[in-house]
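Asks: So the sequence shown is numbered by our numbering: it starts at 41 and just counts up by one.
There's no promise every hint is true.
Here are the simulated DSS-like pairs of lysine-lysine, each with C-alpha atoms no more than 27 Å apart in a straight line [said to hold, decoys possible]:
{"#": "1", "residue 1": "Lys-272", "residue 2": "Lys-229"}
{"#": "2", "residue 1": "Lys-71", "residue 2": "Lys-166"}
{"#": "3", "residue 1": "Lys-141", "residue 2": "Lys-166"}
{"#": "4", "residue 1": "Lys-272", "residue 2": "Lys-237"}
{"#": "5", "residue 1": "Lys-229", "residue 2": "Lys-116"}
{"#": "6", "residue 1": "Lys-141", "residue 2": "Lys-71"}
{"#": "7", "residue 1": "Lys-272", "residue 2": "Lys-116"}
No wet-lab data here; the hints were simulated from the structure.
Computed from a predicted model, the values in this text were never measured in an experiment.
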Amino acid sequence: AETTSSGDAGVELASWSWRGHRIGYRAAGPKDGQAIVMIHGFGVSSGTYRRTLPALASAGYRAYAVDLLGFGASSKATDVDYSIDLWSELVGDFCDEFSPKRSAVLVGNSIGGLVCLTAAASQWGKDRERAKGVVLMNCGAGMNSKFLTTGNLIPAGFRVLFTFFFAIFDALASVRPLAQAGFDNLATKETVMQTLKAIYVNEEAVDDELVEGIIAPAREEGALDVFLNVLKGDPGRGPDEVLPLVRCPVHMIWGDQDTVTPIDGQAAYYGEWFQSQAADPELPHVSLSMVTAGHVLMDDNPEAVNAALLAWLADPPPP
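Whenever a hint applies, use it, and build me the whole structure from the sequences.
Replies: Written out as structure tokens, the structure reads:
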């Protein structure tokens with residue numbers, strides 16, 4: 041690991057080499073503390089855990105927030121096929137590097153939640169018992185929205201409709217000038233700020249630091265290729281396929297006003313399934329906490345999320 045600088049509140053900004061690629065991460069807390077490894081969602085970075093890291097560190101945990109390959113301060117690799125499985129391998133290798141003797145608690149927001157769940161369900165997490173627990177924060181259902189064409193919980197009629205839609209999307213995205221123009225329009229301060237404010241409850245939390253943490257990596261060479269690779273790729277196995285394979289305790293913290301991965305309502309195909317898992321008496325290791333927040337809940341309402349997270353970490357159910 042190569043520490044590059046120190047951030048606010050004792051947070052270290054560092055990088056680590058994985059399979060020849062730079063992986064950026066943030067770390068805080070005593071090095072002998074229980075490792076908590078946190079993974080962000082699509083298009084953002086470890087910066088979304090800026091309000092979580094100090095709280096965990098103050099409670100005595102060794103907290104890490106990792107930039108997935110292709111995002112944040114990590115390399116914008118154009119020679120890999122991005123997938124939930126690839127990122128889950130990154131999580132496992134990171135834990136083996138930085139917490140080799142103790143199992144780690146994995147925390148993930150949006151697709152980061154599915155990455156953590158997949159890592160916990162793998163041979164690394166299950167057979168080697170390297171995952172001590174998983175916390176899902178507004179867990180996503182796939183690497184991209186193509187889960188709408190493959191997901192078991194999506195009505196068949198909608199799957200057909202979305203298959204047609206994504207066939208058109210993939211064709212348009214293959215036209216490089218068109219894709220570049222669309223990406224350039226998205227990666228502006230105004231667009232990013234508007235988008236974030238639409239999925240946050242507390243709009244004041246959407247500040248220049250957060251926005252710049254998204255725009256700066258998008259300016260790097262290879263960022264467009266990563267973006268297209270992820271959007272056009274295989275969405276992977278859904279949480280309904282992965283969660284039953286996980287043996288460690290799983291806690292879900294959900295924003296009650298999340299419109300991206302809603303917990304209830306007409307489009308909450310997976311949200312309602314997650315609720316059913318938490319309510320199932322045969323799954324005592326699966327639980328759910330609700331907070332007032334949008335999709336990026338740990339940055340939107342850090343007080344409530346940190347309280348729920350710390351309470352569960354202090355007293356998790358047996359596996």
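Asks: Are Lys-272 and Lys-229 close enough, with their CA atoms no more than 27 Å apart?
Replies: holds (25 Å)
Asks: Holds or violated: Lys-272 with Lys-116, Cα cutoff 27 Å?
Replies: holds (16 Å)
Asks: Can the restraint linking Lys-141 and Lys-166 be considered satisfied, given a maximum Cα separation of 27 Å?
Replies: holds (16 Å)
Asks: Going straight from one Cα to the other, do Lys-229 and Lys-116 come out at no more than 27 Å?
Replies: Given pair Lys-229, Lys-116 holds - Cα atoms ~20 Å apart, limit 27 Å.
Asks: Within a Cα-Cα threshold of 27 Å, do Lys-272 and Lys-237 meet the stated pairing?
Replies: holds (26 Å)
Asks: Starting from Lys-141, check that the Cα of Lys-71 is at most 27 Å away, please.
Replies: This hinted pair holds, its Cα atoms lying about 12 Å apart.
Asks: Check whether the Cα positions of Lys-71 and Lys-166 lie no farther apart than 27 Å.
Replies: Satisfied, since the Cα-Cα distance of roughly 25 Å is no more than 27 Å.
Hint violations for this structure: none, all hints satisfied.
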